[in-house]
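Undergrad: Now for the letters of each chain:
Protein chains: 2
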Amino acid sequence: MRIATALLALAAPTTMLAQRASAPVRDWRATHEIAIVREMNALLALPNITRDTAGLRRNATAIAALMQRRGIATRLLEVSGGPPVVYGELKATKATRTIVLYAHYDGQPVNASEWQGGAPFTPAFRVQRDGKWVDTPLPDSGRLDPEGRIFARGSGDDKAPIIAILAALDAIKATGGSPSVNLKFFFEGEEESESVHLEQTLRTHAALLASDGWIFCDSPIHASRQLQVVLGVRGSMGLELTVYGPSRALHSGHYGNWAPNPGILVAELVTSLRDADGRILVKGFQDDVTPPTPKEIAAARALPRPDSALRQELLLGGTEANDALLAERLLLPGLNVRGIRVGNVEGAAANAIATDAKASIDFRLVPRQTPERIRQLVEAHLTANGWYVTHAAATDQERLTHRKVVRLVWGGGDEATRVSADSPLATALLGAMDEMLGKPILRVPTMGGSLPTAVFEHTLGVPLIVFPIANHDDNQHAKDENIRLQNLWDGIDAFAAMFTRLDRFWPRTTP
Amino acid sequence: MRIATALLALAAPTTMLAQRASAPVRDWRATHEIAIVREMNALLALPNITRDTAGLRRNATAIAALMQRRGIATRLLEVSGGPPVVYGELKATKATRTIVLYAHYDGQPVNASEWQGGAPFTPAFRVQRDGKWVDTPLPDSGRLDPEGRIFARGSGDDKAPIIAILAALDAIKATGGSPSVNLKFFFEGEEESESVHLEQTLRTHAALLASDGWIFCDSPIHASRQLQVVLGVRGSMGLELTVYGPSRALHSGHYGNWAPNPGILVAELVTSLRDADGRILVKGFQDDVTPPTPKEIAAARALPRPDSALRQELLLGGTEANDALLAERLLLPGLNVRGIRVGNVEGAAANAIATDAKASIDFRLVPRQTPERIRQLVEAHLTANGWYVTHAAATDQERLTHRKVVRLVWGGGDEATRVSADSPLATALLGAMDEMLGKPILRVPTMGGSLPTAVFEHTLGVPLIVFPIANHDDNQHAKDENIRLQNLWDGIDAFAAMFTRLDRFWPRTTP
Numbered sequence: 003m004r005i006a007t008a009l010l011a012l013a014a015p016t017t018m019l020a021q022r023a024s025a026p027v028r029d030w031r032a033t034h035e036i037a038i039v040r041e042m043n044a045l046l047a048l049p050n051i052t053r054d055t056a057g058l059r060r061n062a063t064a065i066a067a068l069m070q071r072r073g074i075a076t077r078l079l080e081v082s083g084g085p086p087v088v089y090g091e092l093k094a095t096k097a098t099r100t101i102v103l104y105a106h107y108d109g110q111p112v113n114a115s116e117w118q119g120g121a122p123f124t125p126a127f128r129v130q131r132d133g134k135w136v137d138t139p140l141p142d143s144g145r146l147d148p149e150g151r152i153f154a155r156g157s158g159d160d161k162a163p164i165i166a167i168l169a170a171l172d173a174i175k176a177t178g179g180s181p182s183v184n185l186k187f188f189f190e191g192e193e194e195s196e197s198v199h200l201e202q203t204l205r206t207h208a209a210l211l212a213s214d215g216w217i218f219c220d221s222p223i224h225a226s227r228q229l230q231v232v233l234g235v236r237g238s239m240g241l242e243l244t245v246y247g248p249s250r251a252l253h254s255g256h257y258g259n260w261a262p263n264p265g266i267l268v269a270e271l272v273t274s275l276r277d278a279d280g281r282i283l284v285k286g287f288q289d290d291v292t293p294p295t296p297k298e299i300a301a302a303r304a305l306p307r308p309d310s311a312l313r314q315e316l317l318l319g320g321t322e323a324n325d326a327l328l329a330e331r332l333l334l335p336g337l338n339v340r341g342i343r344v345g346n347v348e349g350a351a352a353n354a355i356a357t358d359a360k361a362s363i364d365f366r367l368v369p370r371q372t373p374e375r376i377r378q379l380v381e382a383h384l385t386a387n388g389w390y391v392t393h394a395a396a397t398d399q400e401r402l403t404h405r406k407v408v409r410l411v412w413g414g415g416d417e418a419t420r421v422s423a424d425s426p427l428a429t430a431l432l433g434a435m436d437e438m439l440g441k442p443i444l445r446v447p448t449m450g451g452s453l454p455t456a457v458f459e460h461t462l463g464v465p466l467i468v469f470p471i472a473n474h475d476d477n478q479h480a481k482d483e484n485i486r487l488q489n490l491w492d493g494i495d496a497f498a499a500m501f502t503r504l505d506r507f508w509p510r511t512t513p
Numbered sequence: 003m004r005i006a007t008a009l010l011a012l013a014a015p016t017t018m019l020a021q022r023a024s025a026p027v028r029d030w031r032a033t034h035e036i037a038i039v040r041e042m043n044a045l046l047a048l049p050n051i052t053r054d055t056a057g058l059r060r061n062a063t064a065i066a067a068l069m070q071r072r073g074i075a076t077r078l079l080e081v082s083g084g085p086p087v088v089y090g091e092l093k094a095t096k097a098t099r100t101i102v103l104y105a106h107y108d109g110q111p112v113n114a115s116e117w118q119g120g121a122p123f124t125p126a127f128r129v130q131r132d133g134k135w136v137d138t139p140l141p142d143s144g145r146l147d148p149e150g151r152i153f154a155r156g157s158g159d160d161k162a163p164i165i166a167i168l169a170a171l172d173a174i175k176a177t178g179g180s181p182s183v184n185l186k187f188f189f190e191g192e193e194e195s196e197s198v199h200l201e202q203t204l205r206t207h208a209a210l211l212a213s214d215g216w217i218f219c220d221s222p223i224h225a226s227r228q229l230q231v232v233l234g235v236r237g238s239m240g241l242e243l244t245v246y247g248p249s250r251a252l253h254s255g256h257y258g259n260w261a262p263n264p265g266i267l268v269a270e271l272v273t274s275l276r277d278a279d280g281r282i283l284v285k286g287f288q289d290d291v292t293p294p295t296p297k298e299i300a301a302a303r304a305l306p307r308p309d310s311a312l313r314q315e316l317l318l319g320g321t322e323a324n325d326a327l328l329a330e331r332l333l334l335p336g337l338n339v340r341g342i343r344v345g346n347v348e349g350a351a352a353n354a355i356a357t358d359a360k361a362s363i364d365f366r367l368v369p370r371q372t373p374e375r376i377r378q379l380v381e382a383h384l385t386a387n388g389w390y391v392t393h394a395a396a397t398d399q400e401r402l403t404h405r406k407v408v409r410l411v412w413g414g415g416d417e418a419t420r421v422s423a424d425s426p427l428a429t430a431l432l433g434a435m436d437e438m439l440g441k442p443i444l445r446v447p448t449m450g451g452s453l454p455t456a457v458f459e460h461t462l463g464v465p466l467i468v469f470p471i472a473n474h475d476d477n478q479h480a481k482d483e484n485i486r487l488q489n490l491w492d493g494i495d496a497f498a499a500m501f502t503r504l505d506r507f508w509p510r511t512t513p
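So the sequences go chain by chain: A and B. Add 2 to the 1-based position in the first sequence for my numbering, that's all there is to it. Add 2 to the 1-based position in the second sequence for my numbering, that's all there is to it.
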């Protein structure tokens with residue numbers, strides 16, 4: 003069973019949703035679908051692998067050109083050693099409020115050979131037939147199957163919102179409307195590389211970026227395919243570790259069960275950090291965890307529950323924590339194994355003891371946890387478990403004098419953020435979206451993923467809310483990343499409503 | 003510290019060893035070193051990756067030609083679907099005993115990019131300078147540095163013995179001697195692929211292969227660099243396993259600590275099988291283990307102890323089982339992790355939950371254990387630990403109805419063998435070698451590695467003894483495999499002594 007079918011009962015029918023949105027905007031979009039997709043595909047054809055400086059600059063220049071064509075005052079905010087931020091301003095007549103729209107144009111690394119078609123930067127329009135995604139030529143005119151998808155790295159994460167924002171402006175203009183709030187645009191190029199220059203950029207351009215709040219257009223929407231407003235994000239931190247075996251590979255018969263086996267050692271290390279139910283076993287880890295409030299738990303439980311359909315779709319015979327609700331699990335911190343690499347398997351396996359083992363881990367944090375504290379706790383935990391911890395490649399002397407040696411290389415890390423549903427920005431956004439939908443939009447206390455929201459909160463002192471448009475099954479960060487067309491269309495409708503109606507719901511007094 | 007230096011005190015000086023060998027043989031070899039190496043290099047230049055049918059046949063043909071040039075009656079024993087055995091006979095005048103010499107010409111798979119020079123089938127002569135192996139041209143004449151080595155896949159494992167046997171015959175002939183036992187030659191081409199056709203070949207050619215015993219010329223000698231007679235081998239069995247996660251890769255933030263993580267699951271599975279001290283935790287596993295006899299333990303303890311020097315060389319701060327002796331550990335069964343593969347690490351790591359995890363394991367068995375019984379015990383252990391075990395790719399239905407699903411693909415497996423030091427073949431071989439050395443040769447109760455010796459014992463009912471010549475640090479099964487020249491020279495001396503003196507020490511009555 004595919005999610006599209008499985009969740010139909012949960013999802014608001016897309017036709018109804020469209021009817022409640024501004025009909026002129028919807029009509030304009032319906033006659034411009036192919037042109038919108040072509041503009042998006044041209045952007046997706048530009049390789050955007052994070053840290054690829056030259057490739058990212060080509061993306062920034064292309065996006066700036068798209069913005070200038072819409073009359074947005076555009077410039078690149080440069081920073082030494084990182085890709086530029088594409089910045090723009092569009093002032094609204096008589097507006098008293100200003101929001102900044104955030105998206106990022108860089109994408110995760112790809113292994114092209116794993117992708118259907120083998121070309122992550124050749125955008126492909128595909129329609130599902132008999133459970134397979136079939137390449138389909140874009141017609142020259144007419145409508146597109148809204149269940150069709152565009153496959154390319156960066157499609158769902160995170161170029162689609164950039165295209166939807168610009169198309170919404172086109173639609174407003176073409177239908178004789180105008181934005182009711184001042185708009186600023188901030189399209190970043192190193193979100194997938196832990197936004198290492200973001201804080202510096204924000205500090206340098208704090209005056210330029212003055213606003214009443216940020217709308218983060220990143221990440222997927224709810225698995226039920228309904229639009230949502232997300233009031234928080236989990237923090238994150240990455241860890242790469244190496245444990246050491248013999249200095250040269252050894253025959254497993256002649257030296258096995260004498261020489262330490264790094265495959266066993268890394269398995270023991272990983273299982274000492276967490277169990278199969280997701281319980282984090284690092285001593286002291288729970289001390290810094292703010293338990294979810296009863297209100298947050300209630301909000302999580304009030305959300306549609308895709309759990310059962312997702313389990314069917316993902317072929318899961320069970321989930322962690324005795325089948326606890328996905329939405330509740332995301333209120334907690336997490337520890338995920340991204341990868342383990344030791345020796346070789348299957349056809350490439352040799353009867354050898356490998357020289358080392360590597361594991362890649364990411365942590366997801368909740369408010370009050372800090373990356374620095376996680377580092378301290380994990381290192382103390384490993385030391386207490388008999389590991390000698392180093393941050394550089396282990397020296398011969400270190401290996402000779404310690405039984406278990408591990409090298410830890412930590413990523414930068416982001417703290418979590420959560421804002422109240424009663425804050426002015428949340429009140430305005432929820433009001434505008436509720437009105438557009440004709441019913442309450444989903445209110446998610448926190449998303450499971452991470453965004454560099456804490457940097458904004460700390461540096462600029464303004465609230466941030468996440469407003470995603472991508473489908474939950476967009477395969478972001480993995481092979482065959484995609485954007486579902488109906489999600490793009492719904493995004494255009496929502497941005498058009500946001501830009502034109504937000505001011506009407508903004509509280510008149512500062513609470 | 004390199005092993006060559008570290009073990010000098012333990013090793014019998016090579017000059018003394020050479021003096022006690024037949025001086026004429028040694029003198030002949032000294033004037034033919036370069037020619038011998040050139041002949042070996044020509045053989046090593048033929049790619050011999052196991053299962054590469056065409057490449058293996060080129061090896062077999064080349065070896066047959068080398069044998070025919072020595073007057074050995076040679077033929078290829080063909081088998082459908084496998085590489086041929088290169089078989090030969092050399093009858094001795096008035097001989098009453100016949101031995102068969104075994105070696106194999108296939109090698110383990112290679113990852114060329116990991117090798118120094120990047121070309122595992124371009125044999126390189128290298129001499130160590132300042133801890134590095136430096137490429138050195140072969141001179142046109144003169145002697146070679148005996149600490150120099152030839153680097154190529156198949157050098158130590160297991161083409162060097164073939165060259166040493168043939169050079170020993172050349173030396174005997176050139177110095178006016180002749181073998182005192184009938185010699186048969188059996189050079190196999192699928193030892194690294196679990197010798198799947200060996201039993202069939204032995205059964206088909208049982209009459210042709212009639213003998214008083216087999217000498218297995220495979221594996222490395224003792225780490226002290228002294229020649230040894232090895233009376234047993236451990237059995238072996240391989241296992242490839244796959245554990246399943248979600249049917250598509252998931253964002254670790256949005257689905258982490260809800261969707262099962264195959265990296266955690268495989269780590270838990272592996273640590274449930276054995277601990278970091280090498281204790282095998284599979285229930286019932288120890289029931290089939292014959293404990294080593296006091297005589298075997300005494301023999302293991304009487305061997306030179308390279309442990310401390312090896313630990314220095316291998317940069318090991320400790321070894322498994324509280325630093326127990328290597329020789330004693332090899333009397334026990336073992337479980338080795340050959341590899342683990344989940345997701346990606348370091349630069350390729352993505353914040354994703356992988357769809358599956360793979361692990362590769364090999365078991366080392368002692369007498370009385372059978373591969374079939376190990377299979378039963380491991381599968382019962384996994385089932386008792388909540389795993390649903392399948393042998394084919396798991397179906398959607400299996401994944402949906404079981405929380406933990408593992409696919410097991412077992413290798414064929416070999417049983418262990420051990421013969422008594424008092425058997426006629428052992429008495430003869432030990433006598434000839436003791437006389438050549440002028441002192442008792444090392445008597446090893448069992449080697450740690452595996453050879454298909456059980457198939458011979460079961461099919462032909464004759465004793466087998468392992469007589470290796472390769473250096474222990476030959477990197478067999480790994481990158482930069484090599485053969486140390488002094489080991490090749492000592493092998494030639496030993497084979498010459500064996501062929502000419504074996505008959506004199508053979509017991510006159512069958513015990």
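Accuracy of the hints is not assured; some may be wrong.
It does not matter which identical chain is meant; a pair holds if it fits inside one copy or across any two.
Claimed, not checked - Within a straight-line C-alpha distance of at most 30 Å, the following computed DSBU-like cross-link-like pairs (lysine-lysine) qualify:
id, residue 1, residue 2
1, K406, K175
2, K175, K297
3, K134, K406
4, K96, K285
5, K481, K406
6, K285, K134
7, K93, K134
Derived by calculation from the structure, the hints in this document are not laboratory data.
Undergrad: Indicate, hint by hint, whether the structure satisfies it.
TA: Here is what the structure says about each hint:
In the homo-oligomer, the alpha carbons of K406 and K175 never lie at most 30 Å apart, since the shortest distance is 65 Å inside one protomer and 55 Å across protomers. In this homomeric assembly, K175 and K297 never come within 30 Å of each other (Cα to Cα): the closest approach is 41 Å inside a single copy and 95 Å across copies. For a Cα distance limit of 30 Å, the shortest separation of K134 from K406 across copies, 27 Å, qualifies, whereas the shortest one inside one copy, 48 Å, does not. Taking the closest pair of Cα atoms, K96 and K285 never come within 30 Å of each other, the shortest separation being 56 Å inside a single copy and 78 Å across copies.
Only between protomers do K481 and K406 lie at most 30 Å apart by alpha-carbon distance; the minimum there is 24 Å, versus 36 Å within a single protomer. Taking the closest pair of Cα atoms, K285 and K134 never come within 30 Å of each other, the shortest separation being 46 Å inside a single copy and 44 Å across copies. In this homomeric assembly, K93 and K134 never come within 30 Å of each other (Cα to Cα): the closest approach is 46 Å inside a single copy and 68 Å across copies.
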